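Protein chains: 2
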Amino acid sequence: MRATVLGAGSWGTALAIQLARVGHETVLWDRNPGRAERINREHRNPRYLTSVELPEALRADPNLGRAVAHADLLVTAVPSHALAAVAAQAKEHLAPQAAVCCATKGIEDGTLRTMHEVLEHSLVPSERITMLYGPSFALEVANNLPTAVVVAGADTHRAAEAFHGQNFRCYSTDDVVGVCVGGSLKNVMAIATGVADGVGLGANARAGLITRGLAEITRLAVAKGANPLTMMGLAGLGDLVLTCTGNLSRNRRVGLALGEGKTLQQILDELGEVAEGVSTASSAWKLAAQLGVEMPITHQIHALLYEDKPVEQALADLMGRTRRSERDG
Amino acid sequence: MRATVLGAGSWGTALAIQLARVGHETVLWDRNPGRAERINREHRNPRYLTSVELPEALRADPNLGRAVAHADLLVTAVPSHALAAVAAQAKEHLAPQAAVCCATKGIEDGTLRTMHEVLEHSLVPSERITMLYGPSFALEVANNLPTAVVVAGADTHRAAEAFHGQNFRCYSTDDVVGVCVGGSLKNVMAIATGVADGVGLGANARAGLITRGLAEITRLAVAKGANPLTMMGLAGLGDLVLTCTGNLSRNRRVGLALGEGKTLQQILDELGEVAEGVSTASSAWKLAAQLGVEMPITHQIHALLYEDKPVEQALADLMGRTRRSERDG
Numbered sequence: 019m020r021a022t023v024l025g026a027g028s029w030g031t032a033l034a035i036q037l038a039r040v041g042h043e044t045v046l047w048d049r050n051p052g053r054a055e056r057i058n059r060e061h062r063n064p065r066y067l068t069s070v071e072l073p074e075a076l077r078a079d080p081n082l083g084r085a086v087a088h089a090d091l092l093v094t095a096v097p098s099h100a101l102a103a104v105a106a107q108a109k110e111h112l113a114p115q116a117a118v119c120c121a122t123k124g125i126e127d128g129t130l131r132t133m134h135e136v137l138e139h140s141l142v143p144s145e146r147i148t149m150l151y152g153p154s155f156a157l158e159v160a161n162n163l164p165t166a167v168v169v170a171g172a173d174t175h176r177a178a179e180a181f182h183g184q185n186f187r188c189y190s191t192d193d194v195v196g197v198c199v200g201g202s203l204k205n206v207m208a209i210a211t212g213v214a215d216g217v218g219l220g221a222n223a224r225a226g227l228i229t230r231g232l233a234e235i236t237r238l239a240v241a242k243g244a245n246p247l248t249m250m251g252l253a254g255l256g257d258l259v260l261t262c263t264g265n266l267s268r269n270r271r272v273g274l275a276l277g278e279g280k281t282l283q284q285i286l287d288e289l290g291e292v293a294e295g296v297s298t299a300s301s302a303w304k305l306a307a308q309l310g311v312e313m314p315i316t317h318q319i320h321a322l323l324y325e326d327k328p329v330e331q332a333l334a335d336l337m338g339r340t341r342r343s344e345r346d347g
Numbered sequence: 019m020r021a022t023v024l025g026a027g028s029w030g031t032a033l034a035i036q037l038a039r040v041g042h043e044t045v046l047w048d049r050n051p052g053r054a055e056r057i058n059r060e061h062r063n064p065r066y067l068t069s070v071e072l073p074e075a076l077r078a079d080p081n082l083g084r085a086v087a088h089a090d091l092l093v094t095a096v097p098s099h100a101l102a103a104v105a106a107q108a109k110e111h112l113a114p115q116a117a118v119c120c121a122t123k124g125i126e127d128g129t130l131r132t133m134h135e136v137l138e139h140s141l142v143p144s145e146r147i148t149m150l151y152g153p154s155f156a157l158e159v160a161n162n163l164p165t166a167v168v169v170a171g172a173d174t175h176r177a178a179e180a181f182h183g184q185n186f187r188c189y190s191t192d193d194v195v196g197v198c199v200g201g202s203l204k205n206v207m208a209i210a211t212g213v214a215d216g217v218g219l220g221a222n223a224r225a226g227l228i229t230r231g232l233a234e235i236t237r238l239a240v241a242k243g244a245n246p247l248t249m250m251g252l253a254g255l256g257d258l259v260l261t262c263t264g265n266l267s268r269n270r271r272v273g274l275a276l277g278e279g280k281t282l283q284q285i286l287d288e289l290g291e292v293a294e295g296v297s298t299a300s301s302a303w304k305l306a307a308q309l310g311v312e313m314p315i316t317h318q319i320h321a322l323l324y325e326d327k328p329v330e331q332a333l334a335d336l337m338g339r340t341r342r343s344e345r346d347g
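Protein chains in written order, with this note's numbering: chain R, 19 to 347; chain L, 19 to 347.
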């Protein structure tokens with residue numbers, strides 16, 4: 019099979035490594051020609067996962083049309099804010115039988131669409147799209163450490179077969195909405211738990227926040243038509259736990275730095291890569307309002323990021339909410 | 019209110035501190051007279067949470083009958099293997115109106131009873147028992163860091179009111195079985211994720227194990243009559259995440275040491291305190307067989323602890339299982 023990954027950030031690079039590792043002729047689209055050239059010459063991404071040697075079967079191409087035309091399987095790993103534009107450009111080059119696999123996480127700002135809805139609108143019909151989400155730090159996938167992900171769609175077979183390897187297992191579900199919401203919203207909760215850890219609230223508080231975080235993600239997902247049980251799976255609980263407890267998470271690092279008193283602008287300047295949770299906090303907050311779903315953690319993170327609310331006040335408002343039964347908001 | 023906590027280990031000491039902190043005249047039963055005397059003289063537990071100064075309103079008593087007779091609220095925090103015997107001795111001393119709150123976690127070996135079932139059999143009728151479970155490292159509670167727990171029972175009001183403080187929040191549920199199973203089985207999963215981390219499998223693998231761990235705990239709980247949604251709450255997911263990711267967890271440390279190649283006997287000798295997961299792995303494994311529930315992680319941890327199965331083989335058998343859909347075992 020011939021595979022193409024769009025987007026040469028950490029996650030796109032890791033997925034391309036996995037596809038090449040299991041034997042597919044793999045193209046990694048890097049829109050920067052200089053970097054694409056260096057990848058092909060040095061067999062190493064000069065900017066992301068720089069410690070990892072790339073497999074022989076992987077080559078980079080800065081030409082979007084040519085990269086897309088190569089693909090039997092097209093994987094998207096560009097940031098969420100770029101997906102619609104990239105998909106629109108890719109459309110005319112995509113082979114009629116090619117499958118599309120989406121690894122971009124987020125809720126599009128403005129339209130409030132999931133990444134599945136973006137691709138369905140701009141690229142191919144729903145039945146040709148598979149979402150690939152789940153607990154997966156790019157560096158660990160690149161280093162072939164054991165990873166389990168979930169593939170969601172009407173026909174997940176092709177994507178699952180393409181990625182499947184001894185240390186990379188794909189489990190399937192038909193709950194596209196649940197996977198999209200779970201995989202995207204966890205980044206907001208990673209900021210929240212990062213803030214709590216940055217302030218030094220402790221492990222008990224973090225576990226409580228993760229639990230309440232999954233509850234509010236589930237409310238939003240169900241309001242959009244998801245099966246609540248999906249939230250107990252890899253794209254719900256699994257990805258949430260990974261992102262909220264692992265220091266490789268960019269979103270968690272944003273929260274930690276906020277908790278330590280840095281400003282958002284400082285943090286984003288130092289990070290140098292997109293932290294999807296920052297924009298998802300905005301789009302999820304709007305989506306919750308639109309659907310009438312109570313999301314107190316998302317609400318406080320939105321206030322912290324976009325309304326200059328002081329960290330102490332946001333945390334106090336969050337921890338101090340009165341709630342009597344576990345099933346309440 | 020007059021409160022008594024049975025068991026002066028880390029958790030019993032922390033709960034007694036919390037009760038004294040919010041103003042109750044609190045007795046901590048330490049069966050060791052020398053240690054009880056030192057607690058009263060030095061206002062510090064000489065063996066557990068040694069860094070924490072105990073409140074004035076807390077005193078220790080080595081006399082079980084006198085300690086129990088003191089209580090309007092009796093809290094049990096002895097190890098699971100000792101609960102039945104301690105409860106039987108306490109029975110004749112307990113005031114007729116006293117409420118009982120159980121903070122002991124585990125599944126009794128041999129009888130395979132939950133701690134609620136043990137107390138119901140040996141001490142008071144079900145309606146007088148409240149379980150107090152949830153994500154709570156003792157040291158953090160002792161230091162008054164924010165903590166949220168769940169109280170489960172027919173009438174949780176008295177226990178919830180007794181413990182409730184600004185940084186210690188009690189949420190109620192009526193799903194006693196779900197709370198008992200969730201709060202006990204997480205210790206087995208903590209050993210499993212500890213082993214994986216000890217071997218160096220990485221954060222992706224740990225998140226996958228936690229996800230599958232919650233799924234198998236849920237299967238067992240549901241087979242015993244629990245509501246699956248309880249598993250998404252503080253005594254399910256919350257406590258599981260805390261125990262599987264926080265290095266203060268004794269059970270996790272057992273797993274880490276196993277993963278690093280130590281023998282169980284070495285580890286238990288060094289630990290010096292009960293790791294409930296070791297006995298729960300045995301009782302849960304039997305309970306799963308009795309109820310016909312598939313529990314692959316518990317099965318491998320049982321084999322590792324009790325059948326001398328090598329760590330590498332147990333992990334390989336665990337990670338290598340073929341599974342296609344998220345909802346499968």
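Since the hints were made in silico from the structure, they are not lab data.
Please note: incorrect hints may appear among the correct ones.
Far from chain L, some chain R residues (derived; all Cβ distances over 10 Å) [said to hold, decoys possible]: (1) P51; (2) E158; (3) G243; (4) Q331.
Some chain R residues near chain L, calculated using beta-carbon distances under 7 Å [as the list claims (entries may be wrong)]: (5) H42; (6) L260; (7) Y324.
A partial selection of chain R residues facing chain L, derived with a Cβ cut-off under 8 Å [what the hints assert, rightly or not]: (8) T191; (9) G216; (10) G220; (11) M250.
Since the model is a prediction, treat every value here as computed from it, not as a measurement.
Just so it is clear, CB atoms sit at the ideal spot from N, CA and C, and this is done for glycine as well.
(message) The hint names G220(R) as touching chain L; please verify it with the least Cβ-Cβ distance against 8 Å.
(response) Result: holds, 4 Å to nearest chain L Cβ.
(message) Please check whether M250(R) passes as an interface residue: C-beta within 8 Å of a C-beta belonging to chain L.
(response) holds, 6 Å
(message) Take the shortest C-beta to C-beta distance between L260(R) and chain L; is it under 7 Å?
(response) Holds - the Cβ of L260(R) comes within 7 Å of chain L, reaching about 4 Å at its closest.
(request) Hey, is G243(R) genuinely clear of chain L, shortest beta carbon separation above 10 Å? (result) holds, 17 Å
(request) With 10 Å as the threshold, tell me whether E158(R) passes as away from chain L on beta-carbon distances. (result) violated, 4 Å
(request) Could you check if T191(R) really has its C-beta closer than 8 Å to a C-beta on chain L? (result) Holds, because the Cβ-Cβ distance from T191(R) to chain L comes to roughly 5 Å (cut-off 8 Å).
(request) Using 8 Å as the Cβ threshold, decide whether G216(R) counts as touching chain L. (result) violated, 14 Å
(message) Just to be careful: measuring from the Cβ of Y324(R) to every Cβ in chain L, is the smallest value less than 7 Å?
(response) Where the cut-off is 7 Å and the nearest Cβ of chain L is about 25 Å from Y324(R), the hint is violated.
(request) Examine each Cβ of chain L, and state whether all of them lie more than 10 Å from the Cβ of Q331(R). (result) Non-interface label stands for Q331(R): nearest chain L Cβ at 15 Å, farther than 10 Å.
(message) For P51(R), is the shortest CB-to-CB distance to chain L above 10 Å, so the non-interface label stands?
(response) Non-interface label on P51(R) holds, nearest chain L Cβ at 32 Å vs cutoff 10 Å.
(message) Tell me if the interface restraint on H42(R) is satisfied: Cβ within less than 7 Å of some Cβ in chain L.
(response) Since the shortest Cβ distance to chain L is 21 Å, the answer is violated.
Hint compliance for this structure: hints 2, 5, 7 and 9 are broken, all remaining hints hold.
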